[in-house]
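Each protein sequence line maps, in turn, to chains U and Y. So the first sequence is residues 1 to 217, counted in full-length UniProt numbering. So the second sequence is residues 1 to 658, counted in full-length UniProt numbering.
By construction, these hints were calculated from the structure, which means they are not laboratory data. Just to be clear, a hint being listed does not mean it is correct.
[What the hints assert, rightly or not] Over 12 Å on every C-beta distance to chain U, these chain Y residues come out as not near it, computed from the model:
no.	residue
1	Phe153
2	Lys160
3	Leu186
4	Val192
[To be verified] Computed list of lysine to aspartate or glutamate pairs in DMTMM-like fashion (alpha-carbon distance at most 20 Å, straight line):
no.	chain 1	residue 1	chain 2	residue 2
5	U	Lys103	U	Glu188
6	U	Lys81	U	Glu91
7	U	Lys82	U	Glu154
8	Y	Lys181	U	Glu4
9	Y	Lys201	U	Glu180
10	Y	Lys181	U	Glu180
11	U	Lys41	U	Glu59
12	Y	Lys231	Y	Glu92
13	Y	Lys201	U	Glu4
14	Y	Lys182	U	Glu4
15	U	Lys171	Y	Glu622
In this text, a Cβ means the ideal position worked out from N, Cα and C, and glycines have one as well.
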Amino acid sequence: MNCEVCQLKELEVEHFEIREVLRCILHTIVFHRALGLVRPKDVDLELFEITYVQCGDVELEKKIDEKIDHFISWVEKHPNKKSQICLSFYEVKSKQPSWFTNKTERLYWEQWYINLNVTQHPKHHSSKSHHTKLVVDPGESATEERSSRRAMVEASLREVLFQIIKFVNEKKDHVPPISEGVIYFPYEITIPSSSDSAFGMDMIKRMLHSGHPTMLS
Amino acid sequence: MASSHSNTHTEAAKLEQIITEFFYKSLLIILESRSPYVSSRNYSGEQIMSSPSSSTSSSSGVRPRDKWFNLALRECPSALENFDLCRQSNFEPVVIDVILEQKPLDWDPVTFSPKSDLVKHSSSKDKNSFFWNSDQEESGCEAKGEKVIERWFVQHESRKGRDCSSGSRRSSSNNLSALYKKLILLLRSLYVTVRLLPAYKIFRDLNSSGQIRAFKLVPRVFSSVESFTQKDEAEMQRFWFTPVDTSCGRLCLSVLYRSSISDISSESSTPMSPQFIPDYVGSPLTDPLRRFPSLPVSQGSPSSLPFSRRHSWSFDRYKASPPSVSFSPSPTHSESHALVSNPSSRRAPPMSLPPHPPGASLPHKKNTNFDEYWPSPNFSASPSPSPSPSPSPSPPIRIPGVHLSKDLLRSESAPVNIPVRKLAGSPALSCKHNLPPSPPLKISRADISWTDNNMGPMKSGATIEKLYSFGKGDGQKYSGVNSPRISVFRSSSRSIQDDFDDSEFPCPFDVEYDDMDPGSRPESYDRRGNPSDPNEAGLFMNRKSQDAAVGALVRLLKKAPPLRQDIPSSINFSEASRPEMWNNNIQEQNQNKEAVTVERDASSIITSSRLVASMTTADALEELRSYKEMKNLLLSEGGKSCISANLTSGAKHSGKGT
Numbered sequence: 001m002n003c004e005v006c007q008l009k010e011l012e013v014e015h016f017e018i019r020e021v022l023r024c025i026l027h028t029i030v031f032h033r034a035l036g037l038v039r040p041k042d043v044d045l046e047l048f049e050i051t052y053v054q055c056g057d058v059e060l061e062k063k064i065d066e067k068i069d070h071f072i073s074w075v076e077k078h079p080n081k082k083s084q085i086c087l088s089f090y091e092v093k094s095k096q097p098s099w100f101t102n103k104t105e106r107l108y109w110e111q112w113y114i115n116l117n118v119t120q121h122p123k124h125h126s127s128k129s130h131h132t133k134l135v136v137d138p139g140e141s142a143t144e145e146r147s148s149r150r151a152m153v154e155a156s157l158r159e160v161l162f163q164i165i166k167f168v169n170e171k172k173d174h175v176p177p178i179s180e181g182v183i184y185f186p187y188e189i190t191i192p193s194s195s196d197s198a199f200g201m202d203m204i205k206r207m208l209h210s211g212h213p214t215m216l217s
Numbered sequence: 001m002a003s004s005h006s007n008t009h010t011e012a013a014k015l016e017q018i019i020t021e022f023f024y025k026s027l028l029i030i031l032e033s034r035s036p037y038v039s040s041r042n043y044s045g046e047q048i049m050s051s052p053s054s055s056t057s058s059s060s061g062v063r064p065r066d067k068w069f070n071l072a073l074r075e076c077p078s079a080l081e082n083f084d085l086c087r088q089s090n091f092e093p094v095v096i097d098v099i100l101e102q103k104p105l106d107w108d109p110v111t112f113s114p115k116s117d118l119v120k121h122s123s124s125k126d127k128n129s130f131f132w133n134s135d136q137e138e139s140g141c142e143a144k145g146e147k148v149i150e151r152w153f154v155q156h157e158s159r160k161g162r163d164c165s166s167g168s169r170r171s172s173s174n175n176l177s178a179l180y181k182k183l184i185l186l187l188r189s190l191y192v193t194v195r196l197l198p199a200y201k202i203f204r205d206l207n208s209s210g211q212i213r214a215f216k217l218v219p220r221v222f223s224s225v226e227s228f229t230q231k232d233e234a235e236m237q238r239f240w241f242t243p244v245d246t247s248c249g250r251l252c253l254s255v256l257y258r259s260s261i262s263d264i265s266s267e268s269s270t271p272m273s274p275q276f277i278p279d280y281v282g283s284p285l286t287d288p289l290r291r292f293p294s295l296p297v298s299q300g301s302p303s304s305l306p307f308s309r310r311h312s313w314s315f316d317r318y319k320a321s322p323p324s325v326s327f328s329p330s331p332t333h334s335e336s337h338a339l340v341s342n343p344s345s346r347r348a349p350p351m352s353l354p355p356h357p358p359g360a361s362l363p364h365k366k367n368t369n370f371d372e373y374w375p376s377p378n379f380s381a382s383p384s385p386s387p388s389p390s391p392s393p394s395p396p397i398r399i400p401g402v403h404l405s406k407d408l409l410r411s412e413s414a415p416v417n418i419p420v421r422k423l424a425g426s427p428a429l430s431c432k433h434n435l436p437p438s439p440p441l442k443i444s445r446a447d448i449s450w451t452d453n454n455m456g457p458m459k460s461g462a463t464i465e466k467l468y469s470f471g472k473g474d475g476q477k478y479s480g481v482n483s484p485r486i487s488v489f490r491s492s493s494r495s496i497q498d499d500f501d502d503s504e505f506p507c508p509f510d511v512e513y514d515d516m517d518p519g520s521r522p523e524s525y526d527r528r529g530n531p532s533d534p535n536e537a538g539l540f541m542n543r544k545s546q547d548a549a550v551g552a553l554v555r556l557l558k559k560a561p562p563l564r565q566d567i568p569s570s571i572n573f574s575e576a577s578r579p580e581m582w583n584n585n586i587q588e589q590n591q592n593k594e595a596v597t598v599e600r601d602a603s604s605i606i607t608s609s610r611l612v613a614s615m616t617t618a619d620a621l622e623e624l625r626s627y628k629e630m631k632n633l634l635l636s637e638g639g640k641s642c643i644s645a646n647l648t649s650g651a652k653h654s655g656k657g658t
């Protein structure tokens, strides 16, 4: 089985936009991979005029929020850096236990790379609240600049969502069959860890787990 | 052989069923996201864990049809109806037009105005075929315009020259599973896509509460339509979903949509979203009290006032008064969450117009609203209409008990200061006996007291205790008589409160004094006589009683010590405890010790204050003249006496000297 990889368009976001953007993208992807019986839930973004869809699973929502929190913590420690979040779907294959390998093996059949460039607005005071944005020089030009920037981010986010839709439409054959009673495929969200090199190590670990020669194709 | 044939037949039947259900599901997804008020928005329930293959609906709220493609959606009646109409055994294509329909002129004659010629064209060949055409003349639908903003195509393209039932059983079964999985994926992406297209924004705005639009979304389902004109199609964009192959063809799904719908909807939308107007005429920001039709500027001529907010004052309640343009939202929005200027900080509907639309018709509309309303400056905060038996043509204006009590409480605490602080500074409150009974706390108290001491016909026997005893007979009587009065009172209280906040804000009733000789003001306060012209004063009082009372209150409160810090604490008291609260406030506030004194010995002090305050312009002028005469007389007498004294002293001196 091939592992399909989708590199999503890079988004330039500010700190307070990270949560909403990531929620939107991650849930949209997972919704397309929640092929069990779902009752979709529409969620309106607060910062942008976009409505995305969740599959309605509370546990899933909680796990995604946790990962986003971890990512935000990482971003706070590594400001003004480009980062990548990897959402992977895998199958669990039982393997004969041996000295070197585990009993189960993860076969990644799809990976989504969400590329973010978290910028810090020059006049923005770091604040967790995405509703309040302190501006040192609140002039009309600053307001216009903010609104135009916001519109750009919204347009980019919409592009990313359409990118997801197109990818889902174009590549269907690699999706495993639906299991009974399973709502969504097993997934894994990988965020950059404390050190930069660890991110690469995570990728290597994944390769060892999956046994695929190449993961980043 | 027979079994394989039957299996093939079964597989074909299953395929047909899958395709049929796909048509229905796609129709449902599109229609439920384009038909306002019938949507699965926020229709998230608990996660359904039942197996999709289960035929039972034992899961909570999951109908059998929900389980198709593992997507449980709210039932959409229009989808069902249209599906029944369009369903064909040979899978004819289904076209869904999402039409932006403007509401007819007569729905909102003031605000609605079609911008261009819109026509609904129905061809004989294709029933229910609609498209935008700006060249045709209007045909009986002058008030109604339609524009197709989306067109969805759901079709199964049969593959000719190939037997659908061919293939082994295993491959057919695998094919069906694979097909089903792919259709699930397709419908998932369809569900997400319909929410990303521009038309969804309109749908969401229409669905949101409190939004009244001049347009609506109307999805219509056809089996065939005429194509768009080249021009129209050039304005639209197409999005193709990847077709899914079936054993005898492929299922195709695509959409033509307009990417710039916001322009269209903003043209047709009305500025009717309830919003706060902070700088409405009458607000403290725009110096409203100055503009109140208070005591006349000169000789009691209300028409000389530059601006009239009579609608907020019941002194002129017998005729509808032209309202200000930039007032609170229209009556239709008064009950629709007008307290919420924006449902969400960002979620200002893109199609909503600003609170001050440029249309010329809108002010007229606002005038109508004001005539219907009996608004007050604080109506923007609580714009709901109150039940009003007043003669003015007003719809019921609801006076929320809380708000009323708040305002009354706020104003009721204020009157405590009135007799102490504002006695000297009260403007000449003219009207006594014809003040509206309610609001009882300020106006009527002044009314009663003044009248007791100044005028004849008046509510006699009224004391401060009686006035403060709201909830008793008087208060109930007052509150039940005329709610507009209450609203007036409320507005006055609010304006008084605003005066606190705006120290530079002059009392409107100073207008008459400003126009007079400023030097006459102190004398006017000291005067304790009746108006020189009782008839004139009486007429004047009749018309300006409430204004005078309010003006007096304003002045008193303006000059009162800062009592307002304690006012919020008084707001929490209920109406029943108001008298006690007032008494407590009086006793608690050191600044109001004089007020307490007045309360205990109110009649004499208030009487004198009211007497002092019951000056009219004419009285003041006359007083001025009299003082001038006295002054001249004194000066002349003084001069004479001085001369005589000098003469006398001179004579004495001369006498002595001699």
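Hints and how they fare:
no., hint, verdict
1, Phe153, "holds, 15 Å"
2, Lys160, "holds, 25 Å"
3, Leu186, "violated, 7 Å"
4, Val192, "violated, 5 Å"
5, Lys103(U) / Glu188(U), "holds, 18 Å"
6, Lys81(U) / Glu91(U), "violated, 32 Å"
7, Lys82(U) / Glu154(U), "holds, 19 Å"
8, Lys181(Y) / Glu4(U), "holds, 17 Å"
9, Lys201(Y) / Glu180(U), "violated, 36 Å"
10, Lys181(Y) / Glu180(U), "holds, 13 Å"
11, Lys41(U) / Glu59(U), "holds, 14 Å"
12, Lys231(Y) / Glu92(Y), "violated, 27 Å"
13, Lys201(Y) / Glu4(U), "violated, 33 Å"
14, Lys182(Y) / Glu4(U), "holds, 16 Å"
15, Lys171(U) / Glu622(Y), "violated, 97 Å"
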